[in-house]
Amino acid sequence: MIPELTASSGIPRLAAIEHPFGLTLGLPDDAARQLAVLRGALRALVEISLPGEIVHLPFDSDFTLKVNYQPPEPPPIARYLTLHPWQLLKFLNRTPPEKT
Amino acid sequence: MEHVAKVVDSYRFLDGISKRAMRRWAALGTPDQIPWTPLAKPLSQCTVAIVSSAGIALRTQPPFDREIEDRDPWFSDPSFRILPRTAKAEDVRVCHLHINPSFAAQDLNCVMPIERLNELEALGEIARSAPSHYSYMGYTLRPEALLHDSVPAIIRRLREEQVDTVLLVPA
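Protein sequences, first through last, are from chains A and B.
Counting along the first sequence from 1, when you hit position 52 you're at 52 in the numbering used here, and nothing is skipped either side.
Counting along the second sequence from 1, when you hit position 41 you're at 41 in the numbering used here, and nothing is skipped either side.
Check the hints yourself; a few may be wrong.
[Stated by the list, open to error] List of simulated lysine-lysine pairs, DSS-like, C-alpha gap at most 25 Å:
#1 B:Lys19 <-> B:Lys6
#2 A:Lys66 <-> B:Lys6
#3 B:Lys19 <-> A:Lys90
#4 A:Lys66 <-> B:Lys41
These are calculated hints, taken from the structure and not from any lab test.
Could you put the whole structure together from the sequences, leaning on the hints where they help?
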């Protein structure tokens, strides 16, 4: 996940985890890891006492060495920017062009 | 040996332009006011709901419209889906175009830990897993429809079901 980006949105409480997209809680059928992550997030809910505070969950991500967590094909915006590189600055500035 | 606390690397799993963009977006600034509602009661007395950005729809519901994002790659389907607390991987489709959907297709708890939350209910660690949980498409650079239509509708339903706390789970 991208906790720095989430924090910048002004979310009141944040439990950060170093897992890739698609595997927020852990691998399929790894109920122990999934439960531990869920408990960690709920503990953060209780423990965080100041708006905007972040708790970094202490989980490793060694399992990611064994899996392909990338999407099966590039998402539409990646394909679009390859064909329209002059729009890259708009993407980086999060200022999409007007709808046509 | 002194214990060193884990500090999560926000950008570890990103590469190239994605890493550059996310760093830039994170640096665009934080709102002056961060909303804050104190937890009014112990977790063991709370009803908890999950909101997932994985774009998950029941097979009995219309899927999220991927063609919207194909037509306008700055935007995605701004609607949301309601999933019951009994939902499992075989009941759903994962529509998000920016993740590998195969993990959640095998085990929904990878991105939407509904079964794990039900287990915490059985153990008495929370009072109740809400009757309904929610999902939307987590990528958009045009969030107006999502914020003006879907989010208020989700909040209304959360209130109707007397949900005390919501776990927002990014995908």
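Structure-based check of all given hints:
| no. | hint | result |
| --- | --- | --- |
| 1 | B:Lys19 <-> B:Lys6 | holds (21 Å) |
| 2 | A:Lys66 <-> B:Lys6 | holds (22 Å) |
| 3 | B:Lys19 <-> A:Lys90 | holds (16 Å) |
| 4 | A:Lys66 <-> B:Lys41 | violated (41 Å) |
The earlier numbered hint that this structure contradicts is number 4, and it is the only one.
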